[in-house]
Amino acid sequence: MPPSCNCIAGAFSSLRAAPALRTPLRNSARRTFASTHSSASPVLSRIIAARNTSYQLGIRGQKGDAAGSSQVQIKAFSSSTPRSALKTIEQVRARNKGGPFNITAAILFVGTAAGLWVYFTYEKERMARKRIAEQTKGIGKPKVGGPFDLVDHNGNRFTNEDMVGKYALVYFGFTHCPDICPDELDKMALMHDKVTEKCGPVLLPLMISCDPARDNPAVLKEYLKEFHPDIIGLTGSHENVKDVCKAYRVYFSTPKDVKEGQDYLVDHSIYFYLMDPEGDFVEAIGRNFTADQAAKVISDHIQDWEKPLKKDRWT
Amino acid sequence: MGWLPWGSSGDDGVKKTTGGAFESPSRSNRAKCYEARDAFFECLDQNNILDSVHTKDGIAKSKRACGQQNEVFEKNCAHSWVDYFKKQRVVNYQKEQTIKKIEAEGGEIVAPQLPTRGSS
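Listed in order, the protein sequences are those of chains A and B. Here full-length UniProt numbering is used: position 53 in the first sequence is 53, and no number is missing along the way. Here full-length UniProt numbering is used: position 36 in the second sequence is 36, and no number is missing along the way.
No wet-lab data here; the hints were simulated from the structure. All values reported here derive from a predicted model rather than from experimental measurement.
No more than 30 Å apart at the CA atoms, straight line, and that leaves these computed lysine-lysine pairs for DSS-like:
#1 A:K166 - A:K124
#2 A:K130 - A:K246
#3 A:K225 - B:K32
#4 B:K15 - A:K256
#5 B:K15 - A:K225
#6 A:K259 - B:K56
#7 A:K259 - B:K87
#8 B:K15 - B:K56
#9 B:K100 - B:K56
#10 A:K259 - B:K15
#11 B:K87 - A:K246
#12 A:K198 - A:K130
#13 B:K87 - B:K56
#14 A:K221 - A:K198
#15 B:K32 - A:K221
#16 B:K87 - A:K242
Extracted from the complex, chain A is given alone in its bound form (with noise of 0.2 Å):
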């Protein structure tokens, strides 16, 4: 270790000399500059002889190459000259002329700015819905949605394997709902046919109940045919609604033992929760929305996906 140690001891102390040297040096060759060149000439002459001749030994090699081609550059230039200086001073004047403005150029800037306008209006509007659709893609574990069990309108097991490759908008009811949820599916009706008639079949309506103890498949069938053919009534075991409630975020408050024939409301939350075809959750469309400003939102968002879409008609 000790010739290292010396070397980085030597280096710090040739440092630390280096400006106490380099002080007088500058301020002798500026008191030489002043008083006279003479004592810097020397050294100054020898560097630019020096760069003299590389510079010299440069053109050299470049005349020894394209000696011939700088001449017939020269000779097209020169003899160029004329006619394109004629050329544009016939344009200026054709120009001068009419002045500067003319109805083409009025058009065209006209045009440009209004096609500029719609063009940072309409990527303004489609990097929002990028933007929400992307601030709702959960990183690893999504925050509104995932995996679910249960049992569709016709008995069938129902999973959120079913709704890969579509849009889905989910919505929390129950059947025996007195007012909010009957109008509010009737809208998802509206907003399922606005929907499919501006993608095409894209579009999958789920109505998950909150209320498994009463909504059966044969009972959610019967209902639901009253508002579209194609919702599909999702229902399950009580411990099943109940994770798919929280895997939506959504509350409700289904008491869990209840006798036959009881009575009771559902208190439950209302919105309509669009999914993207991967199952992320994509925008919740709240009660303030009219069945055609929620079917523009949908089919804006479906417009922006860029993958494969299952266009089949779902079974």
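For chain A, the structure is supplied; the task is to place chain B on it using the hints.
This is chain B only, laid out in the frame that chain A set:
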């Protein structure tokens, strides 16, 4: 069975379970219920009764003035719905009054919107 003498399983009206719930909550059943509700509420409006569920006085008054409409209402709606609508009437009235009060004071009512979407 039976918190009301005309309770469930009446000859006319909607089919109900022993607990007073709809047997099948179909569109036509709902329409019948809404119709009966609106008739009852109109009667309450005419008699200047707001609350027909929370106070003893209100219940007695509403039965005296709109007993017949109340009967039809109970018959055509699920027991839980009757309760819900009667309470909703009070809540809606209070909401209306609050909005009026805020507007009279020059405040602005902004409907709760989802934070994600400002446009539409």
